[in-house]
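**Student:** These protein sequences, in sequence, are chains P and S. Okay, so the first sequence: first residue is 1304 according to the numbering used here, each after it adds one. Okay, so the second sequence: first residue is 13 according to the numbering used here, each after it adds one.
Fair warning: there could be bad hints in the mix.
[Claimed, not checked] Under the rule of at most 27 Å between Cα atoms (straight-line distance), these lysine-lysine pairs were calculated in the DSS-like manner:
(1) 57/S to 1386/P
(2) 1392/P to 61/S
(3) 1392/P to 21/S
(4) 36/S to 1386/P
[Said to hold, decoys possible] Partial list, derived from the structure: chain P residues whose beta carbon lies under 7 Å from chain S:
(5) 1333
(6) 1385
(7) 1386
(8) 1389
(9) 1443
Hints listed in this document are in silico derivations from the structure and should not be mistaken for laboratory results. All values derive from a computational prediction rather than experimental measurement. Beta carbons: idealized from backbone N, C-alpha and C, even for Gly.
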Amino acid sequence: MSKQEIVTPSFGDTVVTTRIKSVLNWARKYSLWPMPFGTACCAIEFMGAVSSAFDLSRFGAEVVRFSPRQSDLLMVMGTINYKQAPILKKIYEQMCEPKWVVAVGACASSGGFYNNYSVLQGIDEVIPVDIYVPGCPPRPEQILDALVKLQKKIDPTAFVDGLNNTYQYDLK
Amino acid sequence: MQKIKNHLKKTLSGVVADASHDAKSMQEVLVIKPEHIHQVATILKVELKFDVLIDVFAVDWFNKKDTRFEVNYLFYHTAENYRAQIKALIGDNAKPSIDSIADVYGSANWAERECYDMFGIRFNNHPNLKRLLLWKEFKGHPLRKDYPINQRQPIPVLDEIL
């Protein structure tokens, strides 16, 4: 006797069966709390992305926190130099699991055009990165796109827009 | 201003090797030998009342064989709104050094530390000659022309202050 056959006679169609993991991931991906680590002009684009014209809160990442202990999404926006690298690492270590990192812009992703003695050549030298956003600076739409990609990475077997086809998201 | 200009030339005539006026920046440019810098700074401070030392910086003339490094001092006379640039040409290319003027002008302390940090010029009798901007594991002096553009340094560890 399957679960369906047990559940359906008692509760009708008022019950949805799922897995705890899926529910948790569903909750996590639609309630990301970003922490902006803004050091340069990309942070200005982030201000555009969170304010009304683009509105990051439409994707669930509304509550921008300025403490690593209250957030689970670290958004690194701007040039990180070598002296700042240990500070960034410390901030990352202070965040609670599960946590994700988005490198916004060319500087955070690769050092950008700062090929010199003082600038870290990408934050992945010190912390793991989930999503890289290109651009100098990127458009707010790209930041939104990064968020959607991250949501798909958090819950890769999600339903799409109420349709019942599960899919495996290709991160390429 | 003319008065202080004449006074400047008269007082420093013994040590100045070359003098010119830079019309664009409206300041006197005086070239001296490095061993005279402390004497010159004292005269500027005590006799001529140049009350501000704006900056100390070096230039790396990589292709000049005899004097590769020059150290520049920018002095400012607030009462007369008058500026003087002192250029000290350093003869020793391998171990460039010059006397510190941190005991005459307090602002020279950090300015000379930055100069040491970036160009590796040693300031004799400096009270605290260590790196100002870069971290202590850093090797070499990045604003020298022979510092490789691709050279990377170890990522510093966090200071105790954090």
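**Student:** Each hint: holds or not?
**Tutor:** Against the structure, the hints:
{"no.": "1", "hint": "57/S to 1386/P", "verdict": "37 Å, violated"}
{"no.": "2", "hint": "1392/P to 61/S", "verdict": "49 Å, violated"}
{"no.": "3", "hint": "1392/P to 21/S", "verdict": "56 Å, violated"}
{"no.": "4", "hint": "36/S to 1386/P", "verdict": "37 Å, violated"}
{"no.": "5", "hint": "1333", "verdict": "34 Å, violated"}
{"no.": "6", "hint": "1385", "verdict": "6 Å, holds"}
{"no.": "7", "hint": "1386", "verdict": "6 Å, holds"}
{"no.": "8", "hint": "1389", "verdict": "4 Å, holds"}
{"no.": "9", "hint": "1443", "verdict": "31 Å, violated"}
Going through the hint list in order, the structure does not satisfy hints 1, 2, 3, 4, 5, 9.
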